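Mind the numbering: the sequence shown is residues 3 to 301 in the numbering used here, read in order.
Everything labelled a hint here was simulated from the structure, so no lab data went into it. Check the hints yourself; a few may be wrong.
[To be verified] Pairwise CB distance ranges (calculated): (1) Gly257 x Arg173: 40 to 50 angstroms; (2) Gly257 x Glu191: 49 to 59 angstroms; (3) Lys48 x Ala274: 31 to 41 angstroms; (4) Lys110 x Arg149: 20 to 30 angstroms; (5) Gln20 x Leu263: 14 to 24 angstroms; (6) Ala270 x Glu139: 35 to 45 angstroms; (7) Gln187 x Gly33: 40 to 50 angstroms; (8) Ala274 x Ile28: 20 to 30 angstroms; (9) Ile230 x Gly257: 20 to 30 angstroms.
[Stated by the list, open to error] In silico lysine-lysine, BS3-like type, Cα no more than 30 angstroms apart, as pairs: (10) Lys237 x Lys59; (11) Lys48 x Lys237; (12) Lys48 x Lys105; (13) Lys36 x Lys48; (14) Lys258 x Lys36; (15) Lys81 x Lys36; (16) Lys237 x Lys81; (17) Lys75 x Lys48; (18) Lys48 x Lys111.
This structure is a prediction, so every number in the text was calculated from the model and none was measured. Heads up, the beta-carbon is just placed ideally off N, CA and C, and yes, glycines get one too.
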Amino acid sequence: MPHEDMQFMPNAWLMSAQEIQTIAGIFVEMGVQKIRLTGGEPLVRKDVGEIISSLGKLPVSLTLTTNAVLVDKYLQTMKEAGVRSLNISLDTLQEERFQTITKRDHFKKTLDNIQLLLAEGFSVKLNMVVMRDLNVEEVNDFVELTRDQPNLHVRFIEFMPFNGNQWDFSRMVSYQTLLDTIGEQYTFEALTGEANDTARCFRIAGGAGTFGIISTITNHFCAGCNRIRLTADGKLKNCLFDTGEVDLLEALRQGKDIRPLILGHFQAKHFAHGGHSDFADKGAKAEYETNRSMIAIGG
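Start from the sequences and build out the full structure, keeping to the hints where you can.
Next comes the structure, spelled out in structure tokens:
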């Protein structure tokens, strides 16, 4: 989480609720079938209820990625909009460590709201970014959460480089290391996924839920990737790591047809990692830090 003195974009730079609805509608016309509201934290936006409700009217699967702190406030809005699944960012199950990471005292509220979602029948994915010097020893604690909860799914994410996140290849815990760590305590089976899945998923013996690994660094899934990202200020990114952006918001405000811009940016997509170097290269850190921060892209 950012410190209290974090500087934010002026509101005039951001898409309005109506502009979000308009652009989303165009993407749906072009074949998009799933929309995810991300952040930063999407639920801190004052008009997020309006945004959720309007997007819920589109013929898409609608979901969110959130820190869960404000979930109870928008529970009914999400239900009415057809939201049935949420991704929750949670990097630790330890209260003191939670406060160190997030710089907020919301540990109990976060866990309470996760339980609320499960009690209300939502499918919950817990996203844990695993780092060698921070939380790697908690991996199996997260796996254990899946034993008795059929609607709870844990996603371990390899630490990825972005502007300002002090990334270092040596801090990243690899896909294979995660499997080895889990295998020391559990027997598990691989599950069959979809062609465009970002996570390789597993279930422990006798488990109700699942765990998966998003291995962007050591075992990428770029060939099957069908994700695109639209930043809060209306810039289209065809890859999480591509620094080339197309300004859809400016074009929309000028009354232009944004469809050619969207198609052109799709066609310019690199095969992997936005055309950048392998993460293990010595110059990779500086190269990837020219990208936006993760909270400015939308995870």
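How the hints compare with the structure:
1. Gly257 x Arg173: 40 to 50 angstroms: Cβ of Gly257 to Cβ of Arg173: about 47 angstroms, so the range 40 to 50 angstroms holds.
2. Gly257 x Glu191: 49 to 59 angstroms: holds, 54 angstroms
3. Lys48 x Ala274: 31 to 41 angstroms: Holds, at about 38 angstroms.
4. Lys110 x Arg149: 20 to 30 angstroms: holds, 22 angstroms
5. Gln20 x Leu263: 14 to 24 angstroms: Holds: the Cβ-Cβ distance is about 19 angstroms, inside 14 to 24 angstroms.
6. Ala270 x Glu139: 35 to 45 angstroms: holds, 42 angstroms
7. Gln187 x Gly33: 40 to 50 angstroms: holds, 43 angstroms
8. Ala274 x Ile28: 20 to 30 angstroms: holds, 27 angstroms
9. Ile230 x Gly257: 20 to 30 angstroms: Holds: the Cβ-Cβ distance is about 23 angstroms, inside 20 to 30 angstroms.
10. Lys237 x Lys59: holds, 23 angstroms
11. Lys48 x Lys237: holds, 21 angstroms
12. Lys48 x Lys105: holds, 22 angstroms
13. Lys36 x Lys48: Distance ~23 angstroms between Lys36 and Lys48 Cα, so the pair holds.
14. Lys258 x Lys36: holds, 25 angstroms
15. Lys81 x Lys36: Given pair Lys81, Lys36 holds - Cα atoms ~16 angstroms apart, limit 30 angstroms.
16. Lys237 x Lys81: Between Lys237 and Lys81 the Cα gap is close to 29 angstroms, so the pair holds against 30 angstroms.
17. Lys75 x Lys48: Holds, at roughly 12 angstroms.
18. Lys48 x Lys111: With a Cα-Cα distance of about 20 angstroms, the restraint between Lys48 and Lys111 holds, given a limit of 30 angstroms.
Violated hints for the displayed structure: none, as all numbered hints are satisfied.
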